[in-house]
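Participant: The listed protein sequences derive, respectively, from chains D and X.
Using the numbering used here, the first residue of the first sequence is number 801, and each one after it goes up by one.
Using the numbering used here, the first residue of the second sequence is number 801, and each one after it goes up by one.
Do not rely on the hints blindly, as some may be mistaken.
Remember, identical chains collapse to one label, so a pair may be satisfied in a single copy or spanning two.
Straight-line alpha carbon distances no greater than 20 Å define the calculated SDA-like cross-link-like pairs of lysine to any residue that follow [what the hints assert, rightly or not]:
| no. | residue 1 | residue 2 |
| --- | --- | --- |
| 1 | K842 | N875 |
| 2 | K842 | D852 |
| 3 | K842 | P818 |
| 4 | K842 | T882 |
Hints were generated in silico from the structure; no laboratory data involved.
Protein chains: 2
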Amino acid sequence: MNYPVIVDVTLRQGIADPEGATIERALPALGFTGVTHMRAGKSFRMDIEAPDEASALEKATALAERLLSNPVIENATARSGTKG
Amino acid sequence: MNYPVIVDVTLRQGIADPEGATIERALPALGFTGVTHMRAGKSFRMDIEAPDEASALEKATALAERLLSNPVIENATARSGTKG
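Just chain D, with the same shape it has in the complex (with noise of 0.2 Å):
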């Protein structure tokens, strides 16, 4: 069976966020006030045929560190997603 599954891919704590601090700096010009700690990520959504929906996250998982993120700097977490 296909699950689908979606990868998040953040920074880990105390990395550099310059797309994020950009993003924080800009937002009081356009009239939003009291957003902090902005962090900017990525993340994926794919179909996974699998046996089942942990054996699909574990597919997941294993894919994310190995091409979707760079272990080093970022985390990736992978949750079960609705079909959409």
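Using the hints, position chain X against chain D.
Facilitator: Frame of chain D, contents of chain X only:
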């Protein structure tokens, strides 16, 4: 109070996704089979000061449409995020 919010930005259906397509093509060479419909997206984590969570999510949606996404080709959705 500060509410943690995550904004997911994904390409609309039908919009070409060369990054996702390239990842999908690379997977079999790494030994990952049975992965289809790979789509790449972005995610943004932030803390939003608001009187309640519903207002925080509303502010995040407005901000996502103004600054974080291109509404012509992308969908943006805001969801509550756990502090991390």
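Participant: Evaluate each hint against the coordinates.
Facilitator: To see whether the hints hold, each was checked on the structure:
Proximity of K842 to N875 under the C-alpha cut-off of 20 Å is found in both arrangements, the shortest distances being 10 Å within a copy and 14 Å between copies. In this assembly of identical chains, the alpha carbons of K842 and D852 never lie at most 20 Å apart, being 25 Å within a copy and 27 Å across copies at closest. Proximity of K842 to P818 under the C-alpha cut-off of 20 Å is found in both arrangements, the shortest distances being 14 Å within a copy and 15 Å between copies. Taking CA atoms no more than 20 Å apart as the test, K842 paired with T882 passes in both settings, with 18 Å inside one copy and 17 Å between copies.
The structure shown violates just one earlier hint, number 2.
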